Amino acid sequence: MAAHTESHNPALLHHFATEEQQRNSASFGMWIFLATEVMFFGGLFCAYLIYRRWYFGDFAAASTSINAKLGGANTAVLICSSLTVVLAIWAAQTSRRALLIGMLILTMLFGLTFLGIKGIEYADKFHEHHVPGASFSFDHEEIPGNPGHYANPNHAQIFFALYFIMTGLHALHMVIGLGIFTWLLWAAWKGRFTPEYHTPLEIGGLYWHFVDIVWIYLFPLLYLIDRHT
Amino acid sequence: MATGNIPPVEREDYLNKHYGVGSWLFTTDHKRIALLYLISITFFFFIGGFFALLIRLELLTPASDLVQADTYNKFFTQHGMVMVFFFLIPSIPATLGNFLVPMMIGAKDLAFPKINLLSWYLYIIGGIMMLHCMVTGGVDTGWTFYTPFSTAFTNTKIVEAGLAIFIAGFSSILTGLNFVVTIHRMRAPGMTWTRLPLFIWAHYATSIIQILGTPVVAITIVLVAAERALHLGIFDPKLGGDPLLFQHLFWFYSHPAVYIMILPSMGVVSEIISCFSRKRIFGYSFVALSSISIAVFGFLVWAHHMFVAGMSVYAALIFSLLSYSVAVPSAVKVFNWTATLYKGSIHYDAPMLYAFGFLGLFTIGGLTGLFLAALGIDVHVTDTYFVVAHFHYIMVGGALMGYLGGMHFWWPKISGRLYPEGWARLAALIVFIGFNLTFFPQFILGYLGMPRRYADYSHMPEFQILNVFSTAGATVLGVGYLLPMVYFLWSMRYGKPASDNPWNAAGLEWQTQSPPTTFNFPEEPVVTWEAYNYDEIDKGQKEVPQVVG
Amino acid sequence: MFDNFPLWPDRASSMAGKVDALYIFLIIVSGMMTLLIFTAVVYFAARYRYRKGVPAEQIEGSTPLELTWTVIPMGVFMVIFIWSAVVYFKMRTPPRDATEVYVVAKQWMWKLEHAEGQREINELHVPVDRDVKLIMTSQDVIHSFYVPAFRMKQDVLPGRYTVAWFRATKPGTYHLFCAEYCGTQHSGMIGSIVVMEPAQFEAWMSGGSGGPLSATGEKIFAELGCATCHRADTQGRGPNLQGVFGKPVQLEDGRMITADENYVRESILDPGSKIVKGFKPVMPTFQGLVSEEQVNALVAYVKSVSQSGAATGKSAAATEPEGVSGKAQGSKVQ
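Protein chains in written order, with our numbering: chain A, 28 to 256; chain B, -3 to 545; chain C, 2 to 335.
Bound-form chain A, shown alone:
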């Protein structure tokens, strides 16, 4: 049984030899977890890219019907939220408690804004009967750049199925992120983070940036098909 021959930071866990080892391990662990997330979303992206190639016209028609302005606004919101995360970490590194807490709150507000805008989009789709399932309809929608040529509703339904699953999964990750940041906010309030120890902020930040990056891929792929026509 290891005797406590020297005192150490209470945050150092027993099975680690040094704080640096603990910090590196936490960071490495989060990067690996993000790799699993890449593969998770990757399967969806793969299915999406295949169907988009096969049914380009139908997908373009379906894409036109989702609101690129709202999607674009969400993109801006998320990018800003990543900035506030970075500022929060800087605040912890430089012992600026007020700024840290402020930036964490702002990040969460951006996250809630994102979800709110998403909610509006989903409501719109619901009212237009673009939600896949029994009440789906997509009749008589022209393919952009192809007057007189109408989209195949079955293929459009595939677009919307993938749209809802991809953005829905992303939104779920957002919600989890908000949960993580709630805990980070509480810990920051309690003064747990110092310039020497703010590992949870760093790995929470990594997770948040990842969720942001997934959206940056989703937005052009889903919202911007053939918009120039």
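These are computed hints drawn from the structure, not numbers from a lab. For clarity, every value in this text was computed on a predicted model and none was experimentally measured. Here a beta-carbon is modelled for each residue, glycine too, at the ideal position from N, C-alpha and C. Take these hints with a grain of salt, some might be off.
Calculated from the model, a selection of chain A residues having no Cβ within reach of chain B, i.e. all distances over 12 Å [unchecked claim]:
(1) G146
(2) N179
(3) I185
(4) G195
(5) A214
Taking beta-carbon pairs under 10 Å as the criterion, some of the chain A residues facing chain B (in silico) [unchecked claim]:
(6) S52
(7) G56
(8) F60
(9) V65
(10) Y78
(11) G143
(12) I147
(13) Y149
(14) F187
Knowing the structure of chain A, use the given hints to seat chains B and C on it.
The following block gives chains B and C in isolation, referenced to the frame of chain A:
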């Protein structure tokens, strides 16, 4: 060879440190978590084995007279799902891996002990869900749940089974994540990459596959569940979807998954063969590199499960070519293990008997993989019992033999007791005989043309005699598996107490107590010797390499 | 071999011998390798068993040996790969002028229709020494058409055609199995291939049919009003189908594709997906309005007007188009 003669002094170890259910259910000690896993996966092994028994009983006679076809279809589906997701995938990594990885590298625990416990709970939740699914109706799609049958043509509990597997998949991912970070960051001073036991290399490679592959089957399950619930068209041709897309997504994980199942076992075999030949594994770096190659190449061959599925000829050619390249590192390992025996000093204890069994059966299983990779032959034998025989040779003749060998080898370390050697050798022999009798006839049945997943073969009575041999073998095999269950349990109470290193084996895990203390090492070890330094050990130069504190 | 203890299936097709030769080669190679490993392991285990006072000799390894036993297996594997690829290529390339049989698989039976019109359920009569090409689709889930005696297997998919071929070389009756799990009666979805001498086959054929499949197709073509747009001249709203089958077709998006069975099928069931250059996307879909057998008949008909050149698309009653033009009717979920 095992030396068990020490006075039974009651030392503190990880088993007796705390008592009570709570101390087990809330433990973060990797060794206790390994035992929690051991109990759970053994339970699921018996569930899966029970289904196997029912399958073999039904196939004794040509007619579907034991159970109705629908029930039989659930038997083979659930046999597959339970064995693959709840036994084989976790087996060695979650039990032996969890127990040994930290000790082999000189660490006190894994990098993330709480996540380790979480992974066990996720496994249990998934397992309970699977059990519930099976007793409230079950699934009948085959463990491969191809679309559109699974999405639009069956009324069985696909979503629940899928969810159970999804959750168990997270367990697998977390184990892999833990191992990779641990192996990178928590090696003791002096434990360089080239001094690592091959068991560690094997688990490292396995973990890469778990991390990168499992999420893909997870999303596939999500898509199937969504399609069922909402009548989407992602895999339904009537709505513009493609059933082959499902197969590609499914096999992208499920092929690397078979390497998750075999690589750890190969790691165990390396440890056993070197200890019981008293020498270093021949070609250490080639064996280590082969493990990594198998993990990498394993991701490139998935569509060899789809040669007759309706893929283009050119895709088939590419995947066949790649499948041959993944066979090469496995062959290299078998040659290296065999060469290790040359000029060794070989002992025939039970672990070594299992390793010998592995060598023979894995060789046959691997060679029959060549048959399947051969396009011209695969057309005839795919979806027949030839494939069933091939993968059982690898999974049961290979992975399970390795698992049993490893359990015997490290049992003194895990429990502090010796198992009864005579019974163990007998059990190994029974398993070997029973196994071959069960599965060799199936190669012949497959080439004859007996398709898989057939409840009834009454129009082909000529298949019966080989099926009878197979069922007879399965009974023998069952006995062979029951024996270790009985004597391992017996040994926990009545077995001879084991010394700290009864096999005089190399490896840091043997420098700890038997059973080890909670934090494994009194002081952090500093490694100054190469792996498998049996010459030093046997010459008594360093009787057992001392821990330098 | 032994009647109730067979160890080898019948060899009854032109490919069976080729597959068996490759199989036997692999058995020999595997057998030799297994013997080598087994002998080595047993010999070493005995010869080098533990003896007191005789230590093990530490041998690090041998790079030349590693290279040897990496390169040689790779070489052997490449031989196997190339040989089996050649066999596979032959299996996947139906000969020209093969007799065609359309197969529709459904849970849990095989429905077959010869080009000449004979229909069979779970049985296929073929003459010996004739190339037979199977054009197959499924009504529901994935099945697989497997004849062990011919060493032939091909998955049968819903929503598209897959193709397989064989030439039977020995008269007899051979098992037909479904080899892709398809539900409750998967093991009941079996039948026979009956290979007959030519004379007997002719006799069987003349036992009556509903007329050639292409004639059935011609009737459907007329009944559904296809002829109103697909006329035999250049005036139609749709492309002239004479001579189209098997030739390259230019699509409006620039792609060039070959008009094969899958293209014809897709044009009937999902006409909006590929529009021929110079035509408008006005063809309605017939998904849900035609059965798989009817699609097969139409495909046979389209093939027939490419072979003879004399048959035209004119139907007995040229009906006026009633609202057929103008828009593609999106069909809802089945």
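Which numbered conditions among the earlier hints are violated in the structure presented, ordered from lowest to highest?
2, 3, 4, 11, 12 and 13
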